[in-house]
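Peer 1: Here the protein sequences come in this chain order: A and B. So the working numbering is basically just the index in the first sequence, starting at one, shifted up by 1203. So the working numbering is basically just the index in the second sequence, starting at one, shifted up by 136.
If you are wondering where the hints come from, they were derived from the structure by calculation, not from laboratory data. What you are looking at is a predicted structure, and each value in this text was computed from that prediction instead of being measured. Where is the CB? At the ideal position from N, CA and C, for every residue including glycine. Do not rely on the hints blindly, as some may be mistaken.
To be verified - Just so you have them, the derived chain B footprint on chain A, three or more residues with Cβ under 8 Å:
| id | stretch |
| --- | --- |
| 1 | 1337–1344 |
| 2 | 1392–1401 |
| 3 | 1427–1433 |
| 4 | 1474–1480 |
Chain residues, written in single-letter form:
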Amino acid sequence: MSLPKLARLPSARLLTSVLPHHQLLLPPLSPLTIPCRTKIQRDYRRPGQPIENKYPLNFNFSKGIEGIKKHFTLMKDEFFGRWVGPEGKPLIEHILEQNLVIWEFRGPESLEQWTVSSDQEIGGQSEAHLKMGRNDNTCFLHGKLSSTIPRDGETRYSGYCNMRSKTPKASFDRKKHYDWSSFNTLHLRVRGDGRPWMINIATETYFSHQKDDIYNYFLYTRGGPYWQEVKIPFSKFFLSHRGRIQDSQHAIWLDKVNTIGFTLGDKADGHFQLEVDFVAVSKDYAHTEEFAYEMYERNPKRERIE
Amino acid sequence: MKCARCLLQLQGLWLQGLRLQGLQLQGLRLQGLQLQGLQLQGLQGQSARSAAQRGALLQSSSQPHMLRNTQHQVIRRFHRSPINDKNQPIPAEFIDEDDNKKDKSLVIHDDLFEQVARETKTKATFNKVVEVFIKQDVRRRGHVEFIYAALQKMPEFGVERDLAVYNKLLDVFPKEVFVPRNFIQIMFNHYPRQQECGVQLLEQMEGYGIMPDVDTKVLLIQIFGVKGHPVRKYQRILYWFPKFKHTNPYPIPKNLPEDPVDLARFSLARIADDRDAKVTVYQLPCTDITESGEEITLPHVVGIQSPSQMELLAQHNPSRPVFVEGPFPLWLRDKCVYYYVLRADPVPPEEKVEEPYDPERSLAYPLQLDLDLDRDLGDEESFDVEDLDEGAVFAMCMTSQGDQAVLNQWVSGLQQNNPILGQVPTLFRLEQGPRELQGAHKTKSDHQHRPDPQTQREEEEDEVSVEEEPRRSQEMKQ
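Just chain A, with the same shape it has in the complex:
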């Protein structure tokens, strides 16, 4: 189901109003030439474009040494972290903690954890750039939206940009997940320009057809010089697949969260900006809702009136 439009504004439409039937920013569609067991994360490849063949690899000695150092350090940390407690934190902290800051933008190296994309991947003309904000304390996502549709005959909508976190990696580039099962609220401190954004959370899935399952909710910015604290309980996130809201809804499973992202696609051409101070999760004891949407039967048995 497509997401209705925002602001005047019904909701979830934001994504499909903007997404073509391609999906933006996916962990890569595995090409046919490489076996399906691959877990290498590549940049987005537009369907129909040839797969870039990186083999044979260019061997660089110094990079190799750095890589070895990095991976072995990570492995050592993991090994010794286990003795301290789960995820390297003492057990009591892991159980009792109420607030956990996942991403804070203090220094240019924090930008490495994020990927920025826009509809230029499908041939559009929007731009998006990410840089450090004031005094290197915040991240600043800015750019220009343009909803001119790329003329390839199949794209219907255009004009979006997206900032997505990279999947966390353990040593030797193994996939790691965030475990937010002890939290129930997402807490952000942002400063926007009045545009409505959408927050996407992607979790780890089992079946291949669930790959583009994303849980979304809106981030309405007020605009202005003051910071805005946004608290969104995870029970409000609804499920969508490839930008279309699904009929059968369920609450997000927080034990294996992979990425979080911010998308803008509100059909208003022009420049935009968003400053993010930190992204954190917290446990709100006052929030007891499990899921905000009803889980109705899709095709209920009806009495046939003869």
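Given chain A's structure and the hints, the job is docking chain B onto it.
Peer 2: Relative to the frame of chain A, chain B by itself:
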């Protein structure tokens, strides 16, 4: 039975059946929801034969035999080819009086809309074009392409947010033809092109945020039946739209004020985030004619300041400068307005003065407790993040022309309520285009360390390339 008499009887019954169905459909649309959707489907699912039977019953009450039904559709002869229709006289109402639209050649559907380009493009002309198409052909040949073209042309005619127009477009579909009659047809996507067209129409409605009507539902069920994709999409719209209608904590009204002063009031109140903030209009937009006969348009200057901002400004150290920064963008739906900010740079930690809480501020409970209590790990409610120290914001303003003279006007207006502005040096950090909300760039932070009398002495000729310009406070002193 192939005798001529039997064929004639069948023809007669067929015509009456169609007329009856026409009456039924007409009744539905006029009376709205007198028939529930299910019943409607039941009625229409019947074949022409059963309708003809009922037609025989109602023969006494029916009107005298006509060649068309109440929908003014020409009923073609059952067993004759359309070529013979040339011999029949064309009824007067089918001759178009409007020369623009009469075209006997093969017409691409876009052209119908393009022909209207010579006249004004309004809702009335759009409706007229749709009606022309409907009247042209009872079988509505090419209705899918026509509807796609119409959907594309809607923004040009300005009717893309009009529900009645969408319902009229849905009316272009022939009724009942696409309703699946058994489970196999339902399974196999009966008339997929038409269903896709219906879905696209609904999707365009959804894209503009238009909530469909009960008329839409009735039309969709008449055209596609309850088991098709369009009705399913309609149900989804009806489920999700109300859920997300009130999710915006800072809602923007559907019709924004046109007057720039009112718009400035609304947006300043929005960004001030303080209900006690007061909006002051320092200057209304007007056009003056000077002695030399030139026209000068004075821009509007609307400012806002809240009591807490006034307090902060009063506590500001007069030796440190304040900055007028801007323009910053603020988006209201699809409209961007710009505002300017009066702010100071953050106070370095050595100069920060922590004022003790005034115990008389709150008599109900103490604001400061000297107890030695520790909070449990599970009760830790703050985030482990260092607080951002950004300079205090003292006031905001909006104006259409953001040059230094106008902003000077604003600051002098502010000075009436905040006398400290007379002593504090005010520097301008303006940029030509829309600016990022962040304040100090790395280069600007150097200016802070310059001693203050020097900034007052500095003239623009020294700093042609730099945006900072000192304000002539001497003129403004009262």
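Peer 1: Indicate, hint by hint, whether the structure satisfies it.
Peer 2: Quick rundown of the hints versus the structure:
no., hint, verdict
1, 1337–1344, "holds (count 5)"
2, 1392–1401, "holds (count 5)"
3, 1427–1433, "holds (count 4)"
4, 1474–1480, "holds (count 5)"
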